[in-house]
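Number of protein chains: 2
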Amino acid sequence: MEKVNLSDKLDLFEDYWNPKIIGTLNGQHVKITKLKGEFIWHHHETEDELFLVLKGQLTLKLRDRDIVLDEGEFFIVLHGVEHKPVAAQEVHLLMFEPISTLNTGNVSNERTILEPPSI
Amino acid sequence: MEKVNLSDKLDLFEDYWNPKIIGTLNGQHVKITKLKGEFIWHHHETEDELFLVLKGQLTLKLRDRDIVLDEGEFFIVLHGVEHKPVAAQEVHLLMFEPISTLNTGNVSNERTILEPPSI
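Read top to bottom, the protein sequences are chains A and B.
If you use this note's numbering, the first sequence corresponds to residues 1 to 119, in order.
If you use this note's numbering, the second sequence corresponds to residues 1 to 119, in order.
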């Protein structure tokens with residue numbers, strides 16, 4: 001493989017809530033996405049997810065509290081934990097999660113991305 | 001868990017080549033370390049490793065080429081691939097790798113860290 005420049009990869013797309021795969025290792029994916037607005041409440045039955053903010057401010061709503069992440073901060077949502085990402089302004093996000101992870105977790109609807117593209 | 005601020009965690013230590021665990025998910029560790037100077041040639045029998053540069057410039061020497069990583073760039077060293085990290089100046093590094101990963105891989109010597117601390 002070649003090295004990956006995060007900024008260059010982020011320049012390749014403008015759509016929101018549409019994760020892109022930028023690395024694969026040990027059965028895990030490294031993904032990036034741009035977010036703006038509200039996502040849906042969901043959880044993942046077996047997969048833990050790491051959210052690292054590269055730009056902007058992301059609020060991860062949990063059922064009992066809000067986690068506010070600024071640039072250079074991450075949070076790990078353990079499997080089974082309901083969460084809802086909210087981005088008042090545009091957010092650039094890096095995620096580490098198992099290959100099997102669906103963006104909408106236990107929910108299947110029009111926002112579900114079954115096969116995220118590799119870029 | 002609480003959120004993790006990478007800059008705050010990096011302020012907690014000054015030693016080189018001594019990885020610290022800052023997150024655990026899906027059988028993987030998120031680690032940070034500071035590097036300066038040369039490490040040793042080694043490989044990992046089963047573990048792939050991701051190296052993301054947070055500050056400085058890291059050269060990952062492979063047997064057939066050098067990978068030069070600047071801030072915001074990562075490289076995945078697949079299992080079995082010999083590598084030697086070199087940091088001419090101080091580098092701050094984030095790593096994502098299986099819990100079983102030893103810093104010196106197949107080599108056991110005075111630089112081996114058997115149980116990296118969590119910070």
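One thing to keep in mind: the hints can contain errors.
A pair counts as met if it fits within one copy or between any two copies, since identical chains are not told apart.
[Claimed, not checked] Okay, derived cross-link-like pairs now, EDC-like style, lysine to aspartate or glutamate, Cα gap no bigger than 16 Å in a straight line:
| id | residue 1 | residue 2 |
| --- | --- | --- |
| 1 | LYS20 | GLU71 |
| 2 | LYS61 | GLU2 |
| 3 | LYS84 | ASP66 |
| 4 | LYS3 | GLU73 |
| 5 | LYS9 | GLU38 |
The hints are simulated quantities; they were obtained by calculation from the structure and are not laboratory data.
Hint check results:
1. In the homo-oligomer, the alpha carbons of LYS20 and GLU71 never lie at most 16 Å apart, since the shortest distance is 19 Å inside one protomer and 21 Å across protomers.
2. Proximity of LYS61 and GLU2 under a CA criterion of 16 Å is satisfied inter-copy only: 13 Å between copies versus 36 Å inside one chain copy.
3. Taking CA atoms no more than 16 Å apart as the test, LYS84 paired with ASP66 passes inside one copy only; the shortest distance there is 9 Å, against 41 Å between copies.
4. Taking the closest pair of Cα atoms, LYS3 and GLU73 come within 16 Å of each other only across two copies (7 Å); inside a single copy the shortest separation is 23 Å, beyond that limit.
5. Taking the shortest Cα distances, LYS9 and GLU38 never come within 16 Å of each other, neither inside one copy (23 Å) nor across copies (30 Å).
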